Each structure stands twice: as structure tokens, then as C-alpha cells.
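Asks: Listed below are the residues making up each chain.
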Amino acid sequence: MDADSLLLSLELASGSGQGLSPDRRASLLTSLLLVKRDYRYDRVLFWGRILGLVADYYIAQGLSEDQLAPRKTLYSLNCTEWSLLPPATEEMVTQTDVVKGRFMGDPSHEYEHTELQKVTEGEKSFDEEVVVQIKEETRLVSIIDQIDRAVAIVPRGALFKTPFGSTHVNRTFEGLSMSEVKKLSSYFHFREAVDLKNKTLLEKANLDPSLDFLDSLEYDIPKGSWSIQMERGNALVVLRSLLWPGLTFYHAPRTKNYGYIYVGTGPILPFFIPPSLWGPAPRGLPGQETQSKALASGKLECATAGDTRTRLLATAGGDNLQPSFEEDK
Amino acid sequence: MEEDEILQHSFYMTSIMDNEFPRILNLKDITLKSPIPVEILRGMLVQAGLAGVERGAEAPPITVLRFPSFWPACRVLPEERPRGLLGRRDAAAPSRAASPEPAGTPAERPRGAARVRHCTACASRTLYWGGGALLIASMESSFSFFQEKERQELGGAEPPGEEGAMAASPPEPEPPSPAPWEAERSPADPEPGPLGDVPGPRGPAPAAPPREPSAPTPGSPDPDLAAPWRPGRTSSAGAGPDPRRRPSEERESAPHHASPSEEASFPWAPQSGAGLRGPWGASHDDSPREERGVIISPEEDSDGHWDPALPEPRASEEAPSMLDIAIQNAKSFLQSTSSKTGLNLYDHLANMLTKILDERPENAVDIIEKISQDVKLAHFSKKFDTLQNENELLPAYEIAERQRVLFLQGHLEGADQELEDEMVENSLPNVMESAYYFEQAGVGLGTDETYRIFLALKQLTDTHPIQRCRLWGKILGLEMNYIIAEVEFREGEEEEEVEEEDVADEKDNGESEAEDEEDELPKSLYKAPQAIPKEESRTGANKYIYFVCNEPGRPWVKLPLVTPAQIVTARKIKKYFTGRLDAPVISFPPFPGNESNYLRAQIARISAGTHISPLGFYQFGEEEGEEEEEVEGGRDSFEENPEFEGIQVVDLVESLSNWVHHVQYILPQGRCNWFNPTRKNEEEEEEIEEEKEEKGEEPDYIEQEVGPPLLTPISEDLEIQNIPPWTARLSSHFIPQYAIAVLRSNLWPGAYAFSNGKKFENFYIGWGHKYSVDNYTPPVLPPVYQEYPSRSEVIEMDDPSVEEEQALMAAKEASEFVAEEIEESEEDEYEEEDED
Chain A
-8 MDADSLLLSL
2 ELASGSGQGL
12 SPDRRASLLT
22 SLLLVKRDYR
32 YDRVLFWGRI
42 LGLVADYYIA
52 QGLSEDQLAP
62 RKTLYSLNCT
72 EWSLLPPATE
82 EMVTQTDVVK
92 GRFMGDPSHE
102 YEHTELQKVT
112 EGEKSFDEEV
122 VVQIKEETRL
132 VSIIDQIDRA
142 VAIVPRGALF
152 KTPFGSTHVN
162 RTFEGLSMSE
172 VKKLSSYFHF
182 REAVDLKNKT
192 LLEKANLDPS
202 LDFLDSLEYD
212 IPKGSWSIQM
222 ERGNALVVLR
232 SLLWPGLTFY
242 HAPRTKNYGY
252 IYVGTGPILP
262 FFIPPSLWGP
272 APRGLPGQET
282 QSKALASGKL
292 ECATAGDTRT
302 RLLATAGGDN
312 LQPSFEEDK
Chain B
218 MEEDEILQHS
228 FYMTSIMDNE
238 FPRILNLKDI
248 TLKSPIPVEI
258 LRGMLVQAGL
268 AGVERGAEAP
278 PITVLRFPSF
288 WPACRVLPEE
298 RPRGLLGRRD
308 AAAPSRAASP
318 EPAGTPAERP
328 RGAARVRHCT
338 ACASRTLYWG
348 GGALLIASME
358 SSFSFFQEKE
368 RQELGGAEPP
378 GEEGAMAASP
388 PEPEPPSPAP
398 WEAERSPADP
408 EPGPLGDVPG
418 PRGPAPAAPP
428 REPSAPTPGS
438 PDPDLAAPWR
448 PGRTSSAGAG
458 PDPRRRPSEE
468 RESAPHHASP
478 SEEASFPWAP
488 QSGAGLRGPW
498 GASHDDSPRE
508 ERGVIISPEE
518 DSDGHWDPAL
528 PEPRASEEAP
538 SMLDIAIQNA
548 KSFLQSTSSK
558 TGLNLYDHLA
568 NMLTKILDER
578 PENAVDIIEK
588 ISQDVKLAHF
598 SKKFDTLQNE
608 NELLPAYEIA
618 ERQRVLFLQG
628 HLEGADQELE
638 DEMVENSLPN
648 VMESAYYFEQ
658 AGVGLGTDET
668 YRIFLALKQL
678 TDTHPIQRCR
688 LWGKILGLEM
698 NYIIAEVEFR
708 EGEEEEEVEE
718 EDVADEKDNG
728 ESEAEDEEDE
738 LPKSLYKAPQ
748 AIPKEESRTG
758 ANKYIYFVCN
768 EPGRPWVKLP
778 LVTPAQIVTA
788 RKIKKYFTGR
798 LDAPVISFPP
808 FPGNESNYLR
818 AQIARISAGT
828 HISPLGFYQF
838 GEEEGEEEEE
848 VEGGRDSFEE
858 NPEFEGIQVV
868 DLVESLSNWV
878 HHVQYILPQG
888 RCNWFNPTRK
898 NEEEEEEIEE
908 EKEEKGEEPD
918 YIEQEVGPPL
928 LTPISEDLEI
938 QNIPPWTARL
948 SSHFIPQYAI
958 AVLRSNLWPG
968 AYAFSNGKKF
978 ENFYIGWGHK
988 YSVDNYTPPV
998 LPPVYQEYPS
1008 RSEVIEMDDP
1018 SVEEEQALMA
1028 AKEASEFVAE
1038 EIEESEEDEY
1048 EEEDED
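Residue numbers (our numbering), protein chains in the order written: chain A, -8 to 320; chain B, 218 to 1053.
Do not take every clue at face value.
Cross-link-like lysine to any residue pairs, in silico, SDA-like; alpha carbons within 25 Å at most [to be verified]:
| no. | chain 1 | residue 1 | chain 2 | residue 2 |
| --- | --- | --- | --- | --- |
| 1 | A | K214 | B | R797 |
| 2 | A | K190 | A | S207 |
| 3 | B | K587 | A | F164 |
| 4 | B | K593 | A | L202 |
| 5 | A | K188 | A | L59 |
Anything over 12 Å on all C-beta distances counts as not near chain B; from chain A, calculated [what the hints assert, rightly or not]:
| no. | residue |
| --- | --- |
| 6 | R40 |
| 7 | N69 |
| 8 | P78 |
| 9 | E81 |
| 10 | V123 |
| 11 | N197 |
Because the hints were derived from the structure by calculation, they are not lab data.
None of these values were measured; they are calculated from a predicted model.
Idealized CB from N, CA, C, for every residue including glycine.
Between the sequences and the hints, there should be enough to build the whole structure, so can you do that?
Replies: The following block contains the structure:
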């Protein structure tokens, strides 16, 4: 949510129950303004809150003129002093993926993770346990990046692409209409398009290059990972991600007010497969067999998801989605 | 009278020119009261950037003024128009021939022309100049009628008295363009003579002499040009027949006009060049000469060239003819209609510019693409206006209607005060107060929503015999959310439910009877373990009744009592709520019941896990001391401690042992008070005992499950894989002395409790899921049951091999041999015996 309209945004997003206390609100309003000045951001977003055991991380993001340019992420523990986080790298993500559980609320806290590494000495090779230290700050960066890539969204038309290739806030955006509001296709991922390039020409035929330059939620995997609700009569639409519970997107139709906020504990692995995906068992996934059978029988809802998210995607997606799964890897 | 009106109009005109909106609003009133010539009104509005103009297709034209959103469309009928405010004749004059009067003083004609210059550029456009801005209002293309009318009006005479009024009128938006153009032209063409010769014969004699001095003095054109023109015109106006004759001649002698065949367009054609040069000319608006230029050139055009012999215009017309043609060509290209959409670029650009000037967005150039798109989109929305938009907001109205009832209920209540008096104890909780504290903690719904829930709770307590009521929390669902109220009915007023289980039993019996008639199918020997009975209302997990609703204003639905089986299964599954109470819960292991049961089970679990209060707030009831209960499951009731003095907030934050659970722990069995499943009905028990004795099994003994007793400090809660179950915090670090203690459950994310030392409250908002470090995995399916025990008699034997067969044969033979021998010997014996 935009830091400039924080109060209104919080009011609109309050349906999920995660607000900010008055003192936090006040200090955010003050400090984010200064952040905008000091870092010379074009726009500052209040991104949300990651609940730690000892303390919470308050996250803000700074955007440059080009809205899709890499975002700078800042965190604060007291809503007053902000520290810049390094940009996320793939290495970070794979490294921190092994850490489970909650955040502590101390950026210098180090998680310990033991992993087996093959050590070759001469001709012999044997496994050796190596303890890896992972800083919580690194994990924070990685989680924020993952959430951003997976569930940060904007309504269609809120951003537009200029012929020069940069993306700007669309000043003439007047909100989605009532008929568009309930469709997932009216919402876009707020990141560089990934799936769009893989679409066929036929699918792209009706797209408006200045508006439809992002991936829409329609083809998100797994399907049904969003809950759309109309609240307050029809005056507010709220999207909640089931992939990352805690992410709330709100938009008041026919107004410019939109935004998203994440308030949650960090990674909660998804455990659902909506009924629409019961179907033939996916191939080539040993270890998932029992669950796949259960799914195939059609009498089970629920709740597989192996150890990792990617596995779930594969399970959920079924055969035809196998390629995309591989590409992800 | 007329003068007054003119003054008025010119006054408003001026104000519009200055872009003073309040006065423009006044103008609206004025226009409604008194008729204003349409052209003027329209001109004013358009010049002020307030209106686009449309004209009805059929004659007499109805002029429709479309205003931007804040003014409704207003129509001015032609009958109202003619009253000649600015000296124009009524449109009643059927043709130009019927209005023989020469044109009036030049002073007022430019006025008309300046206000509304329809079709200056082409047959279907109007260009306006005002305040230095160019406005283009799109019009419908059937314009000829209006032009005709215009010509008549301009040709008409007007009362002389008005001239003064006109002169008094403040700076008017004149079309300045032709003047500068001419100013450039006149010095550029040193030889007006030959050019003048062409129209010469047609020109009236009196007009000629004044022309002469003007042409040869290009160096100082301003005063000279101005001086002769006026007399020129007046004099020619005096010659009545002349103007009438001119048009026909003009038609013949104007081959350079782009569309001479069109009668309507030809008089206007020369102006088109001027029209396009408008913006350029506008920059020279100030010079007095221009005004005069304005006066002349359009007038002569619109009035059918009754000053055709003037050398300057002639010269100018001759010279730009190439330019004009080029312009006409360009224009006609722009106006070419798209074969796909039926639009043309000229209209589109005009519409875009109108929109931009209407709305005046900042940095319009950056968003021009979007504006273009919007303009095109507007073509669609217009048509749908009457069809749609009505049903779309229906749900919004419905919920508003429902919530209105909540706000009205206070009035109804005021009527019967007796009812109020009857309610000795107010069961309604102060939701807003708790919400305030939770807001300090950074939790909670918005103030608005909370208040609506508050009202809904009031409705609930008013309609049910409720002793105690509490807002339990909110559980999010996929389609709708649940708002949950925890209530306790007054003694004796409990509403009993119809037992569903009995119905189910009856069904089973029916089925078994039907089966008896058929061939007996093999029956399963499996006997389900005896179901653990659910706890009575007001005890254990069913201590409170829960009501849910999806949105404040919607009806409250009472949730059924929870059964142990439901709790046990709910622990094994993890599902999102849909928001519909009757939705099936499809899961493994199968959940006994639908979503309302699942919801109730989760509520019971969350309450048991997260409802906490400061130590000492509650105490065990003293009279409640039945020994049996003590032994079996600990005391299960408590009461408020009247002597509770409160705990320091700091202590509450620092030590979790200052907080206790005040909801009973639910045993693994699914009940709060342990039920011994082995203690069965006496008959059954005997049977089973016998069976077991036969089988040689020992009677199974189940160890009693024991959980922590009521009012156990939360510091004894178990950790979840090294994660502490609670996080305690002060609400504010800035002003700690007034902060409150906030506890957040890490086991049930979304469960919160606060205490300010004396008061406390629990609240839950979330998806209704327990936290687990590892991903949820459903239990593995149980192994398939065997159909029958595999014993030797049912096992198929292997076919014997050849060797075995041979061996068997050998053995057989051998045995036969032996048998024969025996027989023989026996026979021998018999024989012997016989012999004996």
C-alpha cells in the first residue's frame, strides 16, 4: 500500500484483522516520508509486517520512476529507523529454503542447518555433516522476494507501459468496473512478466501492449490459490492469497484505491489442493504415489504437498503442467 | 429590456472568459430563465471549456448542449432562440430573399460571429477562440440548415440601440486569425489591382474608392485598413439587392473552393484557412487592427460576399488557394472514415482535444494514449447506459438494507421500556472498548466494521435469552467470512436440539430389514468402537453456544454441539473454510459432518488453546466440590474473583505464569472430561467379556487421559518444536506507562489476548488453522482389510510335477501291491479258515 495514503489503505485492508497500532501508524507516516526523501524514491510502499517471535519486522519498499525496476526493500523493527536490505539472489533463496519455522525478530540471529556434503579425499568419498549458518537477514530478504514474486499484485490498468519500455503509474486509472472486479484476469502480478512470453500469438492477440504487459492471476499455479471476496456490500474487493496466507489485496472498485499488505509469519507451506484439480495422478513423482492415488480416486480433498513448494505445484498441476514445473527449476 | 439582457449576457460572458466557475453556474440559471440565442449560449459554454455541442439532425434543429458531468443535458428549442437579442431576426424569415434589410452595423455582426462561428473550418466543425485557447466542438454533420439560418440572422437588421450595449461589452472572444493573416498578406501582395480586377465588376461602386488607399500603403495598414472597411460595408449594406445577387455569382466564380457543389459549404470555405490558422492568430489577439480584421473577413464570408470587390480579401483568397486546397485535402484525408469502426480521425482528434480541454489533466501529453483510448471507449459506454448498471450493485443495496435494520432497532426498543427493565443484566459486551484495546495491539477489524458487528450482537442478545455474550472473533473463508459470537443462555431457557443421531439409527434399521428379504449377503463382522458421547451442553467443550453470521446484518446461525469424533478428526485435517455452513467437508480421514461442525470443532480447539486470563481473575467456585468430579477431570467451573486487584502490566508481559487458561483442555479423546469407553452397558459388557474369554484375550484397559487442569498457567504450555507458544509484548514502546500487555499465540496464529491489568479479552482472527512447522501431510491410508482369514483349506495347492506324480504313482502301486498281497494272504487265511 502506498505510504502516502497509509491511513485509508489500512482502513480498507482492515477486514483481515491485521492493522497497525496508532503509535506504529504515526511513526510510519513520519519515517517513511523521510525515507522517501533520503533515498530519493519516487514512491514508497508500506509492504507489511513479518511477525517474529521476539519482534516484528516492518517492511517498506522504495520504487523508482520505473515501477517495475528492481525494488529496494527496507526493514525496521521500531518503525522509525530503517535499514536497507540487499537485493535477493537465487543463491540466497536456495540457501534459506532449508530453514523452517518462525522468524525470531533479530536480524543477526543465525539459524543452524546441517546438511550432508560429499567430500572426496583421494579415491574415497564419504558424506560429511556440515553445519551451515544462515543469517535471519538473508532469510528475510529471500522471503520478501518470494512473496513479491508470487503474490504482489496490482489491478489491470493501474500501471501502463510507455513506448520506451518503462512502466509508470497510470494517472487515468479510475478503478476496475464492477464486472471486472470479480475476475482474476483483472489482476496482474506486480513483477516482470514471466508467463506472458510463453503465450501463443493467438492468446496475445487481444492484449493491449500498453496495459497487458504483466502476467495475470488467471493462470496462476496452483489454480484456486486466491480467494476473492466482496466486502461492505460491493464497495470493496479483497483478494487473499492462500499460497501465502496473510497477504491481503484490497481495491475499492471505481476508485484509485488499491494496494496489498502482508502480515504473516513468513513461510507457511501450502496444504490445499482445490477440488478443481482432482484428476489423474501426475507421473514420475515417486514418493507421492500414495497421495496421488488418493487424489486420483477423487474421494479425497486435501492436503498433500510434499516437502517443497515446487513439488506441490507439480502435484497440483497434473500432467499438462509438468513442463512449467521443469522450467521453474 | 433587451438591452438589459444583453448586458447580462455580456457580463456572464466575460466571467466565463475569466474562467470563473461560480458565475458560470449562475449562467445556468439565467439560461433557464430567459432565452438566450443558442449560438451565444453554446459559444459561451464552449469557450469556457464547459460543453461539447451536439446538434439534432432534423430541422428545426434542437440544440443539445452536453455539459460535463455536473450539468444535466439541457435543450434549447429553436423557438426560444430568435428573439434577436443581439439584433438577429427571428428565423421565421424563410429565405434570404425574404429579408431584404441590409446587415446592421458592423459592430454587432462580429459579435455574433465571434461567439459562434459554426463551420468555419468545414461543414461539420466549429472553431472557437476565446481566452487564447482553441476549442473544437464536434457537431453532427448535418449542418446546412443551421448555416442557412445563420446567414439569415446575420443578414437581418437589428435595433440601433443595441450597438451601444455591444460596444459596452467587455473584451470579446473574437476570431482573430484572419486579421494577422491578412496583415501578412497585404504587404506581401503589392499589386492588388489585377487581383481586384477579377471581382471588380461585381463590386459595388461606392466600395471601390476607399479601397484604393488601403492597398498601396502596406507599411501602415492598420488605421488605413480599418477606416475604409467600415464605410465600405455600411455602404454596401445600403445596397440591398447586391448581397442577394452575390451568392449565385460567387458560386460560379469560386472554383478554388474545395467543394463548390455544396451550397452549404461554399461561403464558409474561405474561412477554413482562417480557421486552421486560429491558434496562430490567437497569439496576436491584442492588436486593435485584428479586431477589425475579424469584423470584416468572416462577415463578408458568412454574408455571402457582399464585399467581394475588396482587394485585400481578394488577394488573400487568391494567394492561399493552393494552401487552401492542400488544407482541404489534408482535412478530407483526416475525415476519411475508417472501414472498420466507422470513425474518422478528425472527429477523434476533436473529441480528444475537447476532453483534454474539458478536464485539463496535468501533463496531458504523457497520457494522450490513454485519453485516446478513453474517448474511443466512450463510444461503447453510451449505448449500454440504458441497459446496464442497474443490477450490478444489487448485493450492495441488499446488505445496506439489512444493516439499516440494525440501526433502526434502537427505535423499536425504545418503545417498550418494560422489556429493557426486565433485562436485569445487560448481556451485551462493550465491543468497542475491547476493539480500542485491540487496536492498541495492532489487531482488529476497522472501527466501522466493529461497530456494525456491535449492532449485530445487540440484535442477537435482544432476540435470544442470552445471559452472557462475547465477540469470539472472525474466521476467514474462501467465499465469505464468519463472525462468531460466544453466548451462554440463561438458565432453563436453553433451546434443545433435535437429536440427529436417532434419526440415523432408524434409517439403519430400515435398511437391515429390507435386506432380510433378499438372499443374505455376507455381513461384516467389523464392529465400530463405541462412539464416545458428546459432552452435555454447558459442560466441557460444549460449555458455550456459538452463533455465526457472514456479515453484520445477516441472520445469526446457531452452531450445533461438537462431538468428540469431530474434534478428533478436525485435528487430523486442515481445510479452508468456504463461508457456507452447509458446505461438505471432503477430507481424509472423513470428517463426520459438514462445515458447521468443522467450524464448531475448530472453535472448540482454538478456545481451549488460546483463551487466557490474568492469574487470579477467575477462581474456582467453592461450593462446586463434588468429589467424583475432582477425581475424574478436575474442576470444570469457575467464577470471577471479586477480590481480584489486577496485575501490573509489566508483570503480565514479563512472566507468562501470570496468565492462565480459563477454558478446559480437550483431551486426545475429544472431550474435556474423560469418558471411559470400556465401561459399557452391562449387557454388552457381558457379551464382550464372554467373547474375549473365548478368544483368550485380556479385557483391554485404557489408561485414563489426563490433561492439565483448568486455570493452568500458560507458562506450562508445550513448545512447538522450539518455538515458544506465546509471544508477550507491550503495546507501545514509546509510552510504556500507559501501554497494555498483548499476547499473541504462536500455536494458533491470529489468536490474541490483551490485558490492561484489570480487564482482559481474547480475540481470534484468521483462517482457523493451527501452526505447524512442517507442512501438513494427511495420514496415510490404512491397509486394505482382508476379506477372510487365509487358512490352509482355502489355499490352492500347486500342481504336482512329473516327478511328484511318478512318485505318487509308484507309491500308489506299491500300496496297491501291498494291499493285494494282504488281500491274497487274507484270502488265503479265509481259505485256510474255510479249509479249516
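Asks: Now look at each hint and say whether the structure bears it out.
Replies: Structure-based check of each hint:
1. A:K214 <-> B:R797: holds (21 Å)
2. A:K190 <-> A:S207: Answer holds: K190 (chain A) to S207 (chain A) is near 12 Å, not above 25 Å.
3. B:K587 <-> A:F164: With Cα atoms ~9 Å apart, K587 (chain B) and F164 (chain A) stay inside 25 Å; holds.
4. B:K593 <-> A:L202: Answer holds: K593 (chain B) to L202 (chain A) is near 16 Å, not above 25 Å.
5. A:K188 <-> A:L59: Judged against 25 Å, a Cα distance of about 16 Å means the pair holds.
6. R40: Given a closest Cβ separation of 8 Å, the condition is violated.
7. N69: Not fine: 7 Å to the nearest Cβ puts N69 (chain A) too close to chain B.
8. P78: The claim holds: P78 (chain A) sits with its nearest Cβ about 28 Å from chain B, beyond 12 Å.
9. E81: holds (22 Å)
10. V123: It holds; V123 (chain A) is separated from chain B by about 18 Å at its closest Cβ, greater than 12 Å.
11. N197: It holds; N197 (chain A) is separated from chain B by about 14 Å at its closest Cβ, greater than 12 Å.
Checked against the numbered hints given earlier, the structure breaks hints 6, 7 and satisfies all the rest.
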